[in-house]
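Protein sequence lines, in the order shown, are assigned to chains H and U.
Take my numbering: the last position of the first sequence gets the number 420, and nothing is skipped along the way.
Take my numbering: the last position of the second sequence gets the number 389, and nothing is skipped along the way.
Mixed in with the good hints, there may be bad ones.
[What the hints assert, rightly or not] Facing chain U, according to a computed beta carbon distance under 10 Å, are these residues of chain H, among others:
| id | residue |
| --- | --- |
| 1 | L208 |
| 2 | M220 |
| 3 | G226 |
| 4 | A246 |
| 5 | L291 |
| 6 | L304 |
| 7 | W308 |
| 8 | P374 |
If you're looking for bench data, these hints aren't it; they were derived computationally from the structure.
Each residue gets a CB set at the ideal place from its N, CA and C atoms; glycine is no exception.
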Amino acid sequence: MNGSMEFLLWVKGPLFTIAMVIFAIGLLARLLEIFLLGRAPNYAEARAGEWLPGLRTMIARTVADPGTFKRAPFNVVVGWLWHIGFLIALLLFIPHIELFKGVLGLYWPGLPNPIVDLATGVTLVALVATLVHRMTHPVKRRISTTEDYLVWTVVFMVVLTGYLAYHRLVEPYPLALGMHILSAELLLVLLPFTKLTHIFTAFIARWYNGAAFGRKGVQS
Amino acid sequence: MAARETPDKTLGESLRDIGLSRRGFLKFCAATASMMALPPSMAPAIAAALEQARRPSVIWLSFQECTGCTESLTRSHSPSVEELIFDFISLDYHHTLQAAAGEAAEAARLQAMEANRGEYLVIVDGSIPGPDANPGFSTVAGHSNYDILMETVEHAAAVIAVGTCAAFGGLPQAKPNPTGAMSVMDLVKDKPVINVSGCPPIPMVITGVLAHYLTFGRLPELDAYHRPMAFYGQSIHDRCYRRPFYDKGLFADSFDDEGAKLGWCLYRLGCKGPTTFNACATMRWNAGTSWPIESGHPCLGCSEPSFWDGGGFYEPVSVPIGTSTTTLLEAAAVGAVAGAGIATVARKGKKDAVKTRQPVTIEELEQKL
Chain H
201 MNGSMEFLLW VKGPLFTIAM VIFAIGLLAR LLEIFLLGRA PNYAEARAGE WLPGLRTMIA
261 RTVADPGTFK RAPFNVVVGW LWHIGFLIAL LLFIPHIELF KGVLGLYWPG LPNPIVDLAT
321 GVTLVALVAT LVHRMTHPVK RRISTTEDYL VWTVVFMVVL TGYLAYHRLV EPYPLALGMH
381 ILSAELLLVL LPFTKLTHIF TAFIARWYNG AAFGRKGVQS
Chain U
21 MAARETPDKT LGESLRDIGL SRRGFLKFCA ATASMMALPP SMAPAIAAAL EQARRPSVIW
81 LSFQECTGCT ESLTRSHSPS VEELIFDFIS LDYHHTLQAA AGEAAEAARL QAMEANRGEY
141 LVIVDGSIPG PDANPGFSTV AGHSNYDILM ETVEHAAAVI AVGTCAAFGG LPQAKPNPTG
201 AMSVMDLVKD KPVINVSGCP PIPMVITGVL AHYLTFGRLP ELDAYHRPMA FYGQSIHDRC
261 YRRPFYDKGL FADSFDDEGA KLGWCLYRLG CKGPTTFNAC ATMRWNAGTS WPIESGHPCL
321 GCSEPSFWDG GGFYEPVSVP IGTSTTTLLE AAAVGAVAGA GIATVARKGK KDAVKTRQPV
381 TIEELEQKL
């Protein structure tokens, strides 16, 4: 490899395949491990259904209740901001949709680039704010582990390199795009083995909790 | 074609001999200055330098190539002053253009090398089977391309690799590279090598590089791939007239849809403009008539290394190369089996724990404390 183009073709080619294979193996192993672990049979008579309360809790725990908002407004507002921004950039940027189409065969309509760009900008600022908050808030600081900082760094790098590549702020462009793809690959590889797994498990867990409470006839 | 020594006449004298006016000459110098992204104030300096310049001897070597580069050059803006400048180098050896054949042709090359030792320019088009490859893949007059190249560049002032094959290996080097094709840059390490990539390169870029050499007596500023910055400094995407459509998110989805008819961005149809550095968008082709994207076709990225192996021509830049859905499904299946295995072990561990569970009383715990 002696140039930026070779670097780009390497990260777009063999390295991407390796990252996707690790991601697919890791994610399925983690999910199956959780699903097949088994739960203790509940012999009590069900007081209500499971599905509806489960689905309701999936929403209820996503939208913060007034109490949570009052206690931690920063977490709610900034958390929402960057999650939504990240999802817009990931799922509605046309080149990303082409990537999904190329690999999975699934595609959907995208958004004009300036809107995605705005969302990315907001995400970047919000992510920096979360780091500052994490490092200055006494409780957050104490409970933060190396993994938390690692996960933050990887997510931030993906968004930052994407922003730099889109605005062509790093020359030559193949290097900028290559850095972005490499960051995304790092995220894919780490995803199944860190807290990032919540991307796939958070809603399952919320449903599970809601369903368990629902069966008991308790509000959750 | 007899090989000649560097002629005594300067370029200025030669130009006057064929009746080029002073005005026409200065116009050419101004065009050259702007083409090479030099300030307009440089035009008189270029004129003065070119006036005094001697025609350099040029040896053009053709190896594993398709003659497309020569075809491109000979169709350059004809008739134009760019073409004229080619009359003012001494092209002493060129397979396609020379009249001589056989022994006489080879003799012309050797004679030009001898007469202009250390001063001649070598232009190469086509890739070269490397020193470890079978030399029989490509020979000229019974000699391997590699031997001819090494012999010719030994006393050259500089080497200009014209076309992507000479610059980066191009089509012959595409996987599986049966001929062990290599680029000039891979083989020539002790001479200045300048790459004028493209399949083919824009004719004015070739003449521009020569004009720069005649003017300044040295090669122009180069990028990481040894390409002249003046022509390869910006990407097709950054100079594309369809760029506003990319920014707005307006794309053609097929070659005959409404977007294509309205001239929207060709990113989704595989345009490699974002990763391609060349001057097509500004200099255009066929005397400035048009260029691929203006004709409705995505850029193939022909001036970049590995462009034949850089993913399908009609796959967008963001699509990975060689990752198949099947590979992913296989990996997922392996993951599922692994997950099931881990879960089974965990369940067994849980059962065993229940079986061997030994209740502990509070008193016992307190004693341990």
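Against the structure, the hints:
no. : hint : in the structure
1   : L208 : holds (7 Å)
2   : M220 : holds (6 Å)
3   : G226 : holds (6 Å)
4   : A246 : violated (24 Å)
5   : L291 : violated (13 Å)
6   : L304 : holds (6 Å)
7   : W308 : violated (13 Å)
8   : P374 : holds (5 Å)
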